[in-house]
Structure formats: C-alpha cells, structure tokens
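K.L.:
If you want the building blocks of each chain, they are given just below.
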Amino acid sequence: MKTGEPGIVTTTLEKALEWGRSNSLWPLTFGLACCAIEMMAIQASKVDISRFGSEIFRNSPRQSDLMIVSGTVTKKMAPRVKRLYDEMPYPKYVIAMGVCVIQGGPYVQGYSVVLGVDRVVPVDVYVPGCPPTPEALTYGIITLQKKIRGEAVR
Amino acid sequence: MVEFQPGEERGKDGRRIIKVRKENLFETLKRLKSEGYIHLSLITGVDRKDYLEVVYHLHSLEKNEYISVKTVTYNGVVPSVTPLWKSADWEEREEYDLMGIKFEGHPNLKRLFLPENWVGHPLRKDYDLKNVQYINVDEDGEDYATFDQGDGW
Ligand code: SF4
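Quick mapping for you: the protein sequence lines, in order, are chains A and B. Note that our numbering has the first sequence beginning at 205, numbered continuously upward. Note that our numbering has the second sequence beginning at 62, numbered continuously upward.
Because the hints were derived from the structure by calculation, they are not lab data. Think of the CB as a built atom: it goes at the ideal place given N, C-alpha and C, for glycine as much as any other residue. A few of these clues could be false.
As the list claims (entries may be wrong) - Rough simulated footprint, nothing fancy, chain B against chain A, three-plus residues with beta-carbon under 8 Å:
1. 231–238
2. 341–348
To be verified - In silico BS3-like pairs for lysine-lysine, Cα to Cα no more than 25 Å straight-line:
3. K94(B) <-> K73(B)
4. K186(B) <-> K280(A)
5. K171(B) <-> K280(A)
To be verified - Non-contacting residues of chain B with respect to chain A, defined by C-beta distances greater than 10 Å in every case (computed):
6. E70
7. K73
8. I78
9. K80
10. S102
11. H120
12. S129
13. V138
14. S148
15. K171
16. L173
17. D187
18. N197
19. D204
So that you can see chain A by itself, here it is in the shape it has in the complex:
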C-alpha cells in the first residue's frame, strides 16, 4: 500500500558499501588489440553496461575502478599495464578478456606475448573467447559485481 510516508530500510554499512561499489564500476579506457572492438560494443546501445552502473569509460586510471585488459599483452606493454594498474586507486578490479590475456592464446608460441596477464597484475574475472562476445563480457562484469557483493561461487 502506498501511503507516501518514507519507509525504513535497515542494512549493515559493509553491505551498503559493497552495493555502492559493485554498481559504480567505472572501467578504464584501455584497449590493446582486437578484443577492444568487442569491449567498445558493450558501451553501445545493444548491450549497454550503463544499465549495470558502469557508466562511463574513464580516461584516467586515477578515476577508474575496473581495468578490462582487452587484447594481446605484449612484453613491451606489460610494464605499462602494471604501471596503469598501480596508478588506479583502491578498491580496484581486473577483468582478463580473451584467450590472449588469459594464457597467450593464438600467440602462445610467440616470442613477444605475455603468457597471461596474471603474471603482471592480479585478475578477478576471466572471460574466455577469441574474442568474447559483448554479452560474455557483460556477464563477466555482472560476475564481478556478484563477487564484490560476496555472492559469487568461487
């Protein structure tokens, strides 16, 4: 029954923080290879991640909470990825998008590719695929939100 009187919601501070954090994941504008094209698509109208609170891609690591490592991490790029990760403020999360980032992918026998970005920065959610569809990446982001809220099955 709607009476117009304000109601009361009780929660713990921790839960409120988790809720706030998980629904305001701002990713870093950061694309390394072909996967980045699919990452851009999650911001477009079809699978709009603004619906889940990932409102804008920030251009500065200091304003972002989430790093979507989308695309082949070369050995030249690895120290830079680390540096960008270090510049992000806590709490910070990393999604590894694509098989290249997970373990080297098609370039696993190459001389120039890092065999997994988890050798450089800690990864929270892995999204496999070459490239993963925008839907898969959105699923990855939702999984990360669940993980932040402590619901994810690890």
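We have chain A already, so just place chain B with the ligand on it with the hints.
P.N.:
Structure of chain B with the ligand alone, referenced to chain A:
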C-alpha cells in the same frame, strides 16, 4: 641446396617475380622505379636456413600492378635501397630487427621494435625460444631486455 637462378617468373596469382643477384639489386630497382613502379609497398625477409631471401614488393600506380623482386644473401648483407625510397628506412630497420639482415649503406641501422640489448633476431629459424626474454622500462622511459623478470613484472 638449391642454386639461386636469376630470372623472371610468375607467381600463383599471376604476379611478376623478378629474381636478381644482390650485386644487381640496386640497378634493377632503380630501373623499375623509372619504369613506373614508384611505390615501395613492403620489404619482407624469408629464412631458408641455408640463406636469407629478401623480397621487395613494388606497386605501379599507373598500371595498378604489383611486382616482387627477390634476392638472396648467404652472409646476411644486402645493399640498402634508402637512396631510392625514403620509406625503405624503417622497413629495413624492421628487417634488421626481426631477421638480422644487414643493409649496407643504411643511414641509421638500429632496431625498430625491440630494445637495443635484445639477444638474437626472433623471426630467424635458429632463434632460441626457450630462452625467454622480458622487457622492462628504466627511469627515462627507455626499454631494456632482461632474462629475468625484473620489477616491472
Ligand atoms: S583473444 Fe582473439 S580477439 Fe582477443 S586480442 Fe587475442 S586474438 Fe584478438
């Protein structure tokens, strides 16, 4: 070992392939440039184990035709074509970086992609992939290669 025969043939797609000895390479390319193949679109290298092959892909804008010029080298040295095409500068540096082909007369033959102290040329057949190398950045932002991971990793 197959002996290298200078001459002309057609590729599978009908493209003209001109094979020259490296002594005649510069004159041949100069002649082709005066015949209208003014655009050097690519220089590639092939490691045939006994020798290295260098392929120049030229494009004629008038005829809209591509041709390839092939040459071989047994000691890894070929003459530079930078006097003919300025764009050959970086192409030859890339060749030197990844294949280890030295271009005689190049104004600035340094590595293009990899750091200066990287060991070996990675697209050669005899490159040792087991010896993993890592790249780190020093305070000035310059890359350097190491065999251990270092603190950038
Ligand atoms: S996983 Fe596939 S699509 Fe993604 S960066 Fe690697 S090669 Fe490109």
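K.L.:
For every hint, state whether the structure bears it out.
P.N.:
These are the hints, each one checked on the structure:
no.	hint	verdict
1	231–238	violated (count 0)
2	341–348	violated (count 0)
3	K94(B) <-> K73(B)	holds (24 Å)
4	K186(B) <-> K280(A)	holds (22 Å)
5	K171(B) <-> K280(A)	holds (17 Å)
6	E70	holds (33 Å)
7	K73	holds (26 Å)
8	I78	holds (29 Å)
9	K80	holds (30 Å)
10	S102	holds (24 Å)
11	H120	holds (27 Å)
12	S129	holds (26 Å)
13	V138	holds (24 Å)
14	S148	holds (23 Å)
15	K171	holds (16 Å)
16	L173	holds (12 Å)
17	D187	holds (13 Å)
18	N197	violated (6 Å)
19	D204	violated (6 Å)
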